[in-house]
Structure formats: C-alpha cells, structure tokens
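First residue of the sequence shown? That's 40 in the numbering used here, and the numbers climb one at a time after it.
Mixed in with the good hints there might be a few duds.
DSS-like, lysine-lysine: derived pairs with alpha carbons at most 30 angstroms apart [claimed, not checked]:
hint, residue 1, residue 2
1, K41, K122
2, K145, K60
3, K41, K73
4, K148, K97
5, K145, K41
6, K145, K73
7, K60, K73
8, K60, K148
9, K97, K73
10, K97, K60
What follows is a set of in silico ranges between Cβ atoms, one per label pair, in the way DEER data are often shown [unchecked claim]:
hint, residue 1, residue 2, range
11, Q142, E65, 33 to 39 angstroms
12, G61, K122, 42 to 48 angstroms
13, L114, Q142, 23 to 29 angstroms
14, E65, A92, 35 to 41 angstroms
15, D93, A128, 17 to 23 angstroms
16, A118, Q151, 24 to 30 angstroms
17, R89, K42, 19 to 25 angstroms
For the record, the hints were derived by calculation from the structure and aren't laboratory data. The structure displayed is predicted, hence computed values, not measured ones. All C-beta atoms, glycine included, are put in the ideal place defined by N, C-alpha and C.
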Amino acid sequence: MKKRFRGLALRCVRLASTFPKGPIGEVFTRQLVKAATGAAANCRAACVARSRADFISKIGIVEEETDESVFWIDLAVDAGLVKAPRVQALAHEGREILAMVIQSRKTAKSRQTGAKNARKARGAGRA
C-alpha cells in the first residue's frame with residue numbers, strides 16, 4: 040500500500056506542476072500537493088503504529104487526506120484547470136486507494152472491538 044500512496048503522491052505533484060501560475064493555480068497546487076503527500080506520509084506512519092488504536096487513528100488521517108486529494112483532483116477538472124481525460128486514471132487510483140483505506144480502518148476497528156469484547160468475556164468468567 041505504501042508504494043501505491045507514494046505513486047499517487049508523485050502523480051499529484053506532477054499534475055500540480057502543470058497548473059497555471061497565479062493565485063488560483065497556487066491554491067490548487069498547494070492544497071493538492073499537501074493532501075497527497077500528507078496521505079503518503081501518514082500511510083507510512085500507520086504502517087509502523089505502536090498499537091491498534093494508534094493505527095486506527097493514523098489510518099483515519101490517511102482516509103481524510105486521500106479523500107481531500109481526490110476532491111482537489113475533481114475540483115481542478117470542474118474549475119477548468121485540467122481536462123478530465125488527463126486525470127481520469129489518477130482520480131480512479133485515488134478512489135481505489137480510498138476504498139482500501141476505508142476498509143482497512145473498518146477491519147482494524149472491528150478487530151479492536153472484538154479483542155475488547157473477548158477480554159471482557161474472559162474477565163467475566165473469573166468473577
């Protein structure tokens with residue numbers, strides 16, 4: 040997953056470098072690059088999380104940053120900064136990665152809840 044995030048971030052950086060110069064282009068460039076690189080960096084951080092709770096927290100940030108990246112790609116098309124066919128594959132990749140992250144967070148949260156319930160059940164048996 041780290042490789043896919045790194046690839047997404049690099050493609051977003053390259054896309055942002057094609058935005059027109061000026062205040063609008065600068066806002067789009069800054070926001071897209073910040074979101075995409077933040078998602079990649081936080082994905083790395085999630086991969087070395089010290090606990091399941093830490094992982095869930097970090098992967099939640101990754102989810103937000105990835106969703107924001109897709110938002111800025113879509114908005115760049117809507118604003119006429121880039122043609123849709125040029126970023127179609129990039130937007131699709133972003134959505135695919137986002138779906139994986141959402142599922143990963145849900146799975147981790149479910150396992151966390153399951154582990155808590157199992158500990159409670161073991162504790163109740165001792166009373």
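The hints, checked one at a time:
no.: 1; hint: K41 to K122; result: holds (28 angstroms)
no.: 2; hint: K145 to K60; result: violated (40 angstroms)
no.: 3; hint: K41 to K73; result: holds (17 angstroms)
no.: 4; hint: K148 to K97; result: holds (12 angstroms)
no.: 5; hint: K145 to K41; result: holds (19 angstroms)
no.: 6; hint: K145 to K73; result: holds (25 angstroms)
no.: 7; hint: K60 to K73; result: holds (17 angstroms)
no.: 8; hint: K60 to K148; result: violated (43 angstroms)
no.: 9; hint: K97 to K73; result: holds (16 angstroms)
no.: 10; hint: K97 to K60; result: violated (34 angstroms)
no.: 11; hint: Q142 to E65: 33 to 39 angstroms; result: holds (35 angstroms)
no.: 12; hint: G61 to K122: 42 to 48 angstroms; result: violated (19 angstroms)
no.: 13; hint: L114 to Q142: 23 to 29 angstroms; result: holds (25 angstroms)
no.: 14; hint: E65 to A92: 35 to 41 angstroms; result: holds (38 angstroms)
no.: 15; hint: D93 to A128: 17 to 23 angstroms; result: violated (33 angstroms)
no.: 16; hint: A118 to Q151: 24 to 30 angstroms; result: violated (40 angstroms)
no.: 17; hint: R89 to K42: 19 to 25 angstroms; result: holds (23 angstroms)
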